[in-house]
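A.B. asks: Chains as they are written, first to last, in our numbering: chain A, 1 to 321; chain B, 1 to 321.
Misleading hints may appear alongside valid ones.
Each pair may be met inside one copy or between any two copies, as identical chains are not told apart.
Unchecked claim - Derived DSBU-like pairs: lysine-lysine, alpha-carbon spacing no greater than 35 Å straight-line:
id, residue 1, residue 2
1, 138, 31
2, 77, 120
3, 170, 86
4, 253, 77
5, 155, 310
6, 31, 170
7, 170, 283
8, 192, 138
9, 309, 283
10, 253, 138
11, 310, 170
12, 86, 310
13, 155, 253
14, 155, 77
15, 86, 253
Hints in this document: simulated from the structure, not taken from any laboratory.
One letter stands for each residue in the lines below.
There are 2 protein chains.
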Amino acid sequence: MAEEFPMIGGDGPNSYAKNSISQRLAADGAKGMLVASIFENLDIQTLPSRPTTASSTIFRIADLGCSAGPNTFIQVKNIIDAVSQKYHQSAVELPELQVYFSDLVSNDFNYLFATLPRDKQYFAAGVPGSFHGRLFPKASLNFVYSAYALHWLSKLPQVLSDANSPAFNKGRILYGNAPYEVGQAYSAQYAKDIECFFHARGQELAPGGLMVLLIPGRPHGTLPAQGSLAPFFAPLESTLADMVNDGLLSEDKFDSFNLPFYCPSVEELRTLIEENGCFDILKLEIQAAQTPAYPSVQQCRAGMEGILKKHFGDENYRIAF
Amino acid sequence: MAEEFPMIGGDGPNSYAKNSISQRLAADGAKGMLVASIFENLDIQTLPSRPTTASSTIFRIADLGCSAGPNTFIQVKNIIDAVSQKYHQSAVELPELQVYFSDLVSNDFNYLFATLPRDKQYFAAGVPGSFHGRLFPKASLNFVYSAYALHWLSKLPQVLSDANSPAFNKGRILYGNAPYEVGQAYSAQYAKDIECFFHARGQELAPGGLMVLLIPGRPHGTLPAQGSLAPFFAPLESTLADMVNDGLLSEDKFDSFNLPFYCPSVEELRTLIEENGCFDILKLEIQAAQTPAYPSVQQCRAGMEGILKKHFGDENYRIAF
Numbered sequence: 001m002a003e004e005f006p007m008i009g010g011d012g013p014n015s016y017a018k019n020s021i022s023q024r025l026a027a028d029g030a031k032g033m034l035v036a037s038i039f040e041n042l043d044i045q046t047l048p049s050r051p052t053t054a055s056s057t058i059f060r061i062a063d064l065g066c067s068a069g070p071n072t073f074i075q076v077k078n079i080i081d082a083v084s085q086k087y088h089q090s091a092v093e094l095p096e097l098q099v100y101f102s103d104l105v106s107n108d109f110n111y112l113f114a115t116l117p118r119d120k121q122y123f124a125a126g127v128p129g130s131f132h133g134r135l136f137p138k139a140s141l142n143f144v145y146s147a148y149a150l151h152w153l154s155k156l157p158q159v160l161s162d163a164n165s166p167a168f169n170k171g172r173i174l175y176g177n178a179p180y181e182v183g184q185a186y187s188a189q190y191a192k193d194i195e196c197f198f199h200a201r202g203q204e205l206a207p208g209g210l211m212v213l214l215i216p217g218r219p220h221g222t223l224p225a226q227g228s229l230a231p232f233f234a235p236l237e238s239t240l241a242d243m244v245n246d247g248l249l250s251e252d253k254f255d256s257f258n259l260p261f262y263c264p265s266v267e268e269l270r271t272l273i274e275e276n277g278c279f280d281i282l283k284l285e286i287q288a289a290q291t292p293a294y295p296s297v298q299q300c301r302a303g304m305e306g307i308l309k310k311h312f313g314d315e316n317y318r319i320a321f
Numbered sequence: 001m002a003e004e005f006p007m008i009g010g011d012g013p014n015s016y017a018k019n020s021i022s023q024r025l026a027a028d029g030a031k032g033m034l035v036a037s038i039f040e041n042l043d044i045q046t047l048p049s050r051p052t053t054a055s056s057t058i059f060r061i062a063d064l065g066c067s068a069g070p071n072t073f074i075q076v077k078n079i080i081d082a083v084s085q086k087y088h089q090s091a092v093e094l095p096e097l098q099v100y101f102s103d104l105v106s107n108d109f110n111y112l113f114a115t116l117p118r119d120k121q122y123f124a125a126g127v128p129g130s131f132h133g134r135l136f137p138k139a140s141l142n143f144v145y146s147a148y149a150l151h152w153l154s155k156l157p158q159v160l161s162d163a164n165s166p167a168f169n170k171g172r173i174l175y176g177n178a179p180y181e182v183g184q185a186y187s188a189q190y191a192k193d194i195e196c197f198f199h200a201r202g203q204e205l206a207p208g209g210l211m212v213l214l215i216p217g218r219p220h221g222t223l224p225a226q227g228s229l230a231p232f233f234a235p236l237e238s239t240l241a242d243m244v245n246d247g248l249l250s251e252d253k254f255d256s257f258n259l260p261f262y263c264p265s266v267e268e269l270r271t272l273i274e275e276n277g278c279f280d281i282l283k284l285e286i287q288a289a290q291t292p293a294y295p296s297v298q299q300c301r302a303g304m305e306g307i308l309k310k311h312f313g314d315e316n317y318r319i320a321f
């Protein structure tokens with residue numbers, strides 16, 4: 001079983017719902033790409049559309065790693081608008097729409113359901129579970145979307161906290177500026193996870209279906225150690241280091257902590273998808289980051305509280321923030 | 001929008017999960033009937049089963065009004081066992097199974113998802129919303145189940161709390177021993193709700209599909225006023241009456257409160273289903289009550305807390321219990 005580190009639920013001041021503006025900006029920036037990809041690539045003719053057959057007039061959409069903020073509803077609306085236009089343009093009657101909102105079991109589905117748009121034009125369902133495994137029946141989805149979720153690893157490579165390994169990640173909480181072996185350990189875990197993700201989706205997507213993924217990445221031609229994600233977490237890393245220096249935290253506790261996400265380069269991702277073989281790449285585009293240089297403390301907290309509390313305990317978490 | 005009065009969520013001492021033994025006993029008692037009805041009536045040949053078509057090898061089950069206790073998983077397992085046997089007997093390969101757990105938005109889906117059986121043989125999804133309206137795409141379900149949920153009305157008839165109406169339900173919280181007009185007002189609302197329920201399900205169920213409903217009812221040939229449900233709530237009714245006598249609660253507040261559920265007689269139900277016309281009745285059986293004569297305070301609380309708190313306020317609720 002993969003470990004779970006959910007975003008902070010509900011809509012309180014520290015919640016993910018109130019602190020996901022970066023993800024929102026990034027999704028807004030990718031809207032044009034999303035709409036264009038549906039418009040250009042969705043194959044209405046291949047999709048089942050015979051009105052006499054039982055379950056054939058349903059278009060099913062899944063948002064994987066939806067979390068529980070407003071972003072997910074905005075992008076789902078964009079997707080539905082684009083799909084509707086495509087059907088309209090093809091002079092095919094729009095099927096009924098069903099949207100699956102999926103995230104880990106620990107996601108705040110109660111909040112998600114309570115905030116579903118009242119004027120939604122689709123049947124909504126929540127699907128709990130890890131997208132590194134199967135979540136849906138075979139060939140049951142027509143469109144899969146996942147934004148800012150695939151960088152989460154299913155687990156951390158054990159070597160990162162093994163003092164005898166060359167991949168021991170001493171004094172760091174991510175792979176930025178780390179030895180080559182650290183980046184490799186992260187990269188290898190990412191490769192395994194992506195393989196599982198594509199394998200599962202390959203079974204779940206129906207013929208003629210389409211998948212659009214927004215994945216945080218690092219610049220082409222860079223090594224993981226040069227990735228652009230590390231600066232985001234530098235303030236957290238130095239706070240923890242200070243706590244070690246001040247004797248508030250043991251060195252072991254610090255050294256055994258690592259953040260479970262990884263950002264591939266575009267070439268690394270292309271190779272993984274091609275080797276996997278379940279999907280053809282129709283388009284692989286780089287989008288410039290829309291986010292400010294550093295996330296606020298609130299933003300960091302909304303995403304990281306679960307994982308930090310689990311490793312360091314409530315007391316140290318309160319000191320760090 | 002229908003009002004929502006959810007069961008108490010989670011698994012604390014007052015939760016529905018820990019106080020639903022009556023419903024459990026009743027469901028256990030109906031297991032034989034459930035299994036037999038699937039075995040006798042599920043039409044495997046009509047169900048889509050061509051393995052080459054996209055979404056045709058999926059068998060979809062919905063549990064409507066599932067709440068968040070363990071009962072729902074037990075009955076779903078019974079359903080799946082029976083369906084599997086039926087497929088096996090017909091020498092047709094069992095399709096992949098998808099189970100929709102549906103209840104009001106305010107249901108504790110987080111708890112439901114966290115307690116999903118680890119060894120489940122199906123893909124699970126939660127569907128928030130009222131079963132008095134559409135919840136699923138057309139012809140997308142193969143088996144619909146609902147146990148001890150259909151007695152909940154979508155709303156209370158206004159006449160019950162109208163002092164100028166012959167259906168004014170003064171000094172009572174349900175229709176037991178009430179004037180004829182009170183029972184009629186309840187019965188009329190029930191008829192409207194059942195009509196909506198069957199109309200929605202008629203669209204959602206696929207050809208060859210089947211629906212099994214466990215509905216609390218009252219004995220054949222009795223009027224609503226003679227129904228067997230009132231004694232269950234007599235202790236609550238007399239507690240509230242005592243609070244009025246002691247000056248803790250205003251008479252208006254008491255008189256304007258009524259419980260939003262209704263139990264039809266078997267003939268009343270048969271007439272409603274036949275008039276509705278969306279479904280054929282394959283079997284309509286009366287099952288003797290498996291429950292003790294009176295629910296415990298805990299059981300009453302698990303189901304009624306939401307509705308009582310909303311009408312009487314937290315303070316009076318604490319006094320009553």
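A.B. asks: Hints the structure violates: just list their numbers, smallest first.
C.D. replies: 3, 4, 6, 7, 9, 10, 12, 15
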